[in-house]
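**Q** If you read the sequences in order, they're chains U and S.
For the first sequence, my numbering assigns the number 9 to the initial residue and increments by one for each residue that follows.
For the second sequence, my numbering assigns the number 6 to the initial residue and increments by one for each residue that follows.
Because the hints were derived from the structure by calculation, they are not lab data.
Glycine included, every Cβ here is placed at the ideal spot set by N, Cα and C.
Treat the hints loosely; a few may be bogus.
Said to hold, decoys possible - Partial list, derived from the structure: chain U residues whose beta carbon lies under 10 Å from chain S:
#1 143
#2 162
#3 168
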Amino acid sequence: MKTELKKAATLNYTNGQVTALVILRMLIGWHLLYEGVVKLYNPSWSAGPFLMDSKGIFSQFFFDLASNPAVLNVVDFLNIWGLIAIGLGLILGLFNKVAAIAGAILLSLYYLSHPPFIGLKYALPSEGSYLIVNKNLIEIFALIVLAVFPTGLQIGLDRLIALSRGKSVEPVENEELEKEAA
Amino acid sequence: MENNNNLNNSEKKGIGRRDLIKGLAAVPVLGALAFSTSKKNAYDQNLKNSILRELNIDASTPPPTGPMAGDPVRLGIIGYGIRGKQLVKAAGFMARSEKEKLQKSALENPNDTRLKDFMEQENLNVRFTGVCDLFDVRAEEALDTVTTDDNKPKRFGTYQEMLASPDIDGVIIATPDHWHAPISIDAARAGKHVYVEKCMTHKVNETYELYDAVKTSGIVFQVGHQHRQTQSFVTARDVLRKNVLGHVSLVQACTNRNSDNGAWQYNIHEKASPETIDWQQFLGNAPQIPFNKEHFFRWRKWWEYGSGLAGDLLTHDYDRINCLFRMGIPKSATASGGIYTHKDGRDVPDVYHVVMEYPDFQMGTSQEKGKEKGFTFMYSATLGNQFGGRNTLLMGHDATLELLGNTITVHADPRSTRYKEMIKDKMIDPEVPLYSYNPMANGVDGVTSATAKYFANKGLLFTYRNGKRVDSTHLHIREWLSGIRNGTKVSCGIEEGFEEAISAHMTTLAFKLGRKIEWDADAKKIINVTEEEINQCDFITI
């Protein structure tokens with residue numbers, strides 16, 4: 009009973025905090041899901057040209073992914089369905105934490121393949137001006153915030169899953185958590 | 006009931022109404038996204054469909070040529086230099102040294118699929134039974150390349166001996182330009198099929214002689230403009246047929262190259278000497294001079310053996326446009342240029358500009374009657390710069406077509422008559438391509454050198470069949486072989502070759518004589534040049 013309580017335990021947010029976090033979660037979810045759907049419906053889309061435009065220290069890794077057609081197919085598949093799954097997870101509040109972490113990892117790959125560092129120039133145009141920090145990096149950290157402050161138990165399918173497993177979805181005080189951990 | 010669902014009641018388990026609301030609160034967001042996505046798709050699709058309906062372009066691929074079945078076609082290669090090697094490779098035999106180089110390169114750079122592409126190339130069922138090259142090293146390499154377990158090729162000292170051999174069905178000619186016509190004429194008369202590199206001929210008069218020889222021989226004759234196999238050309242032709250561009254008044258094609266290789270500074274082999282090279286045979290009908298390695302290996306730099314930018318690169322661009330418009334020989338041509346970068350003793354210009362006039366050429370128009378006639382073909386080349394922005398442009402009243410290798414892009418003209426309403430209704434944005442065609446959208450390509458990139462951008466290196474990258478030259482040779490085997494049509498036969506050669510020679514005459522050269526289409530003659538002037542320009546002494 010005690011452990012179950014801890015597992016489903018959630019932080020004690022104010023209504024304003026829940027609202028802000030859930031809206032952020034849905035906005036990012038919308039963005040990623042739409043990116044995935046657009047790729048799914050474009051039969052000629054492939055990550056190939058993007059990967060071939062990689063720069064920086066990891067570029068060889070991305071070239072390797074792009075140069076093998078079989079691997080590239082897998083990359084394309086994982087990209088499309090990864091984006092869709094993460095987007096759905098974030099919007100629906102389903103496996104909120106996992107979705108946020110997976111999203112941060114996927115975006116990190118995009119960031120690392122095209123880091124906006126001094127001296128690196130890309131064939132694919134970017135829509136703004138960036139130095140080290142770009143929108144990918146900001147979205148990565150927004151997702152990390154969502155992973156650290158999950159809201160699926162407040163608003164989302166995670167709440168229904170927890171309840172159906174007989175877990176409590178009540179907020180736990182921080183001191184209580186610390187006590188448990190100790 | 007209400008109390009049971011009270012959130013503050015931490016001891017209560019199970020899912021209540023408020024939990025359901027909180028659990029499913031996000032579902033409407035998903036609905037909103039689905040709704041917006043489908044609305045956007047419908048909007049895009051509708052826009053695209055109405056534009057495509059309006060344009061009605063048929064993006065089809067060239068029809069496949071016939072089967073390669075039956076007995077192997079027995080070929081002879083005449084000239085195993087840079088191009089000869091590429092042609093033999095396209096026919097199925099890669100030189101050992103190149104194979105080793107490509108193996109190494111593929112290991113270092115996984116994007117380099119040249120060896121893989123070659124290995125996957127269709128077997129054309131040919132046998133090289135004879136080789137002929139005036140340089141011993143190259144002849145030996147050719148023998149080594151085309152020898153197989155069941156085929157021991159013979160080296161012929163002269164092409165005449167090769168043509169006399171009963172073991173040869175056809176020849177591939179990749180010699181310097183001044184040998185193209187003499188060999189092709191003799192081959193046609195000997196009943197051997199001919200695949201000859203561009204420029205089809207070197208001199209004006211031999212162009213007529215070759216035309217007659219081929220016409221009376223019944224051989225299958227193909228000129229090496231392999232870009233005719235490029236998938237995008239069939240689509241581009243349909244763009245023109247459907248009058249998407251309106252009246253085209255100007256066509257621009259350009260060459261920008263800035264490398265030694267691009268300026269014909271080819272490698273001079275270390276073993277080159279009067280002992281290893283048949284110099285007298287090389288000279289042929291050219292002015293008689295003592296042995297000169299540079300002239301042998303870098304023959305394109307002299308009018309005596311080559312045709313300068315006119316024969317080497319203008320012909321490709323001219324033929325690309327002729328393949329689309331079928332406009333034939335211009336009514337007049339002017340040319341101008343100079344040696345401004347490579348002051349190394351060459352006598353052909355390294356900057357070359359050509360203007361060909363077609364005042365009577367008819368194409369459709371969206372404007373009032375009388376505005377459908379006439380256009381200029383402008384070719385501009387420099388071997389001292391490789392800026393990549395000067396693509397081939399077909400500039401029409403209603404739209405501009407940009408041709409880049411295998412891709413086609415069409416932009417509506419802001420002042421178009423045909424698209425006026427669609428532009429006003431914001432259905433067409435002149436800044437955004439009205440139509441684009443890219444058969445390689447799914448693939449990733451790797452081209453290595455600057456010169457290779459130049460050729461790839463002209464659709465001269467490779468094209469696509471069923472989404473797969475294929476060597477254009479391979480397809481061009483295949484088309485020739487299918488003509489031999491199955492009697493199918495070739496795309497660059499003697500008519501196209503005649504037009505290409507005469508047009509190129511008109512610019513050379515214009516350049517050398519410093520005036521506009523005119524063509525009489527009915528008499529099939531260049532009219533404002535004397536026989537003496539032509540002979541003088543063609544190094545013919547009588």
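**Q** Now tell me if each hint is right for this structure.
**A** Structure-based check of all given hints:
no. : hint : result
1   : 143  : 20 Å, violated
2   : 162  : 7 Å, holds
3   : 168  : 4 Å, holds
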